[in-house]
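Colleague: Sequence:
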Amino acid sequence: FSVSHREVASICAITEFLPSYPGFLFGEEIEHLDNIITNPESPVVIILGGAKVEDKLLLIEAFSSKADWILIGGVMANTILKAWNFEIGDSLYEEKMIEKAKILGSQKAELMLPGDFFVLTQNQQKKSRELGQVKKGDNILDIGPVAAYTFGKIIQKAATIFWNGPMGKIEDKRFEDGTKAIIEAILENKTAKIVIGGGDTLMAFKILKPEYKIQNTEYRFFSTGGGAMLKYLTGKSLPGLKALS
7 FSVSHREVAS ICAITEFLPS YPGFLFGEEI EHLDNIITNP ESPVVIILGG AKVEDKLLLI
67 EAFSSKADWI LIGGVMANTI LKAWNFEIGD SLYEEKMIEK AKILGSQKAE LMLPGDFFVL
127 TQNQQKKSRE LGQVKKGDNI LDIGPVAAYT FGKIIQKAAT IFWNGPMGKI EDKRFEDGTK
187 AIIEAILENK TAKIVIGGGD TLMAFKILKP EYKIQNTEYR FFSTGGGAML KYLTGKSLPG
247 LKALS
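Remember, this note's numbering sits 6 above the position in the sequence shown when you count from 1.
Just so you know, these hints were derived from the structure itself, not from any lab.
Here the structure is a predicted model, which means the values were calculated and not measured.
All residues carry an ideal CB built from backbone N, CA and C; glycine is no exception.
Be aware that one or more of the hints could be misleading.
As the list claims (entries may be wrong) - Heads up, simulated DSSO-like pairs for lysine-lysine below, C-alpha to C-alpha not over 30 angstroms straight-line:
(1) Lys186 / Lys175
(2) Lys142 / Lys132
(3) Lys219 / Lys88
What the hints assert, rightly or not - Just the calculated beta-carbon pair ranges, DEER-fashion:
(4) Asp96 / Glu224: 40 to 48 angstroms
(5) Val152 / Ile104: 24 to 32 angstroms
(6) Asn41 / Lys179: 20 to 28 angstroms
(7) Gly138 / Asp40: 36 to 44 angstroms
Build the full structure now, drawing on both the sequences and the hints.
Modeller: Okay, here's the thing in C-alpha cells:
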C-alpha cells in the first residue's frame, strides 16, 4: 500500500502479465481509511503537522465538512500563518502553497492553529513566543505549551482521530514536547477509532515513546502509507490500486 501512489512498472505494469491480488495488509489499509472517509464517528479530530503541505491542504478541504476540529502544527502551520500575514521569522514554509493557503476555508470543522510556539532565535537560544510576537530571525520549531495543552484536551474528547505529521523538530530534544503531548493524548483516549500514518509520525513514536510497541488493535491502526494514505483520503486515484481492479 505504501507505494501504491507511484505509477511505476513494478506496481502497475506487472499486473498485465501475472495474476495479481491485494494482500491482507493492503485490504486493512483501505478498510480503515474508508471508515474515516465514509463513516467517522463524531467528534472527528484531524491532526496535521510536518511538511507535504500540498496534500494536507487538500485533506483540509476534503474533511472540512466531516471533521469537528482540524489541529495544525509544523511546516503546515507555518505556511498557513505566512499566508495569513503573521510573522514567522525564518521558519520553514512552502512558498508555492501560499496562494492556496490564503483562500483556505472551513465549513463544519474548526481549524485550529497554535497560539504559541517554541522558537530558535538568531543567537541559537530556545524561546517561547505567542502568536503575533514571533520576531524576524526566529525559527519556529515546535508548538508551545498552551497549544499542546489545548490540542491534547480536544484529542481526549474525540471519537475518531487521524494523525499525520509531527508538531515540531522531534530530532532535537529541545523541540519534541509538542509532539510528545499529542502522543500522550492519543494514548490516553482509550475509546476513539484512531488512524496514525506517515514515516515521520511513526518515527515520532519510536523516538518519543520507545517503550510503546507499535501494533494494530481494534481501535488503533498504524498505516504504512504516507503519500499514498494522504492521496487516498483526498479522493485521488492510486495507480497501484487501479492496476488491481
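Colleague: Are the Cα atoms of Lys186 and Lys175 separated by 30 angstroms or less?
Modeller: holds (11 angstroms)
Colleague: Could one say that the CB atoms of Gly138 and Asp40 fall in the range 36 to 44 angstroms?
Modeller: holds (41 angstroms)
Colleague: Next pair to validate is Lys219 with Lys88; report whether the Cα-Cα distance is within 30 angstroms.
Modeller: Roughly 37 angstroms separates the two Cα atoms, so the pair is violated.
Colleague: Starting from Lys142, check that the Cα of Lys132 is at most 30 angstroms away, please.
Modeller: Holds: Lys142 and Lys132 sit about 15 angstroms apart, inside 30 angstroms.
Colleague: Is 24 to 32 angstroms a correct range for the gap between the Cβ atoms of Val152 and Ile104?
Modeller: holds (26 angstroms)
Colleague: May I ask you to test the hint 40 to 48 angstroms on the CB atoms belonging to Asp96 and Glu224?
Modeller: holds (45 angstroms)
Colleague: Indicate whether the distance between the beta carbons of Asn41 and Lys179 respects the range 20 to 28 angstroms.
Modeller: For Asn41 and Lys179 the Cβ distance comes to about 36 angstroms; the hint is violated.
Consistency note: the structure conflicts with the earlier hints numbered 3 and 6.
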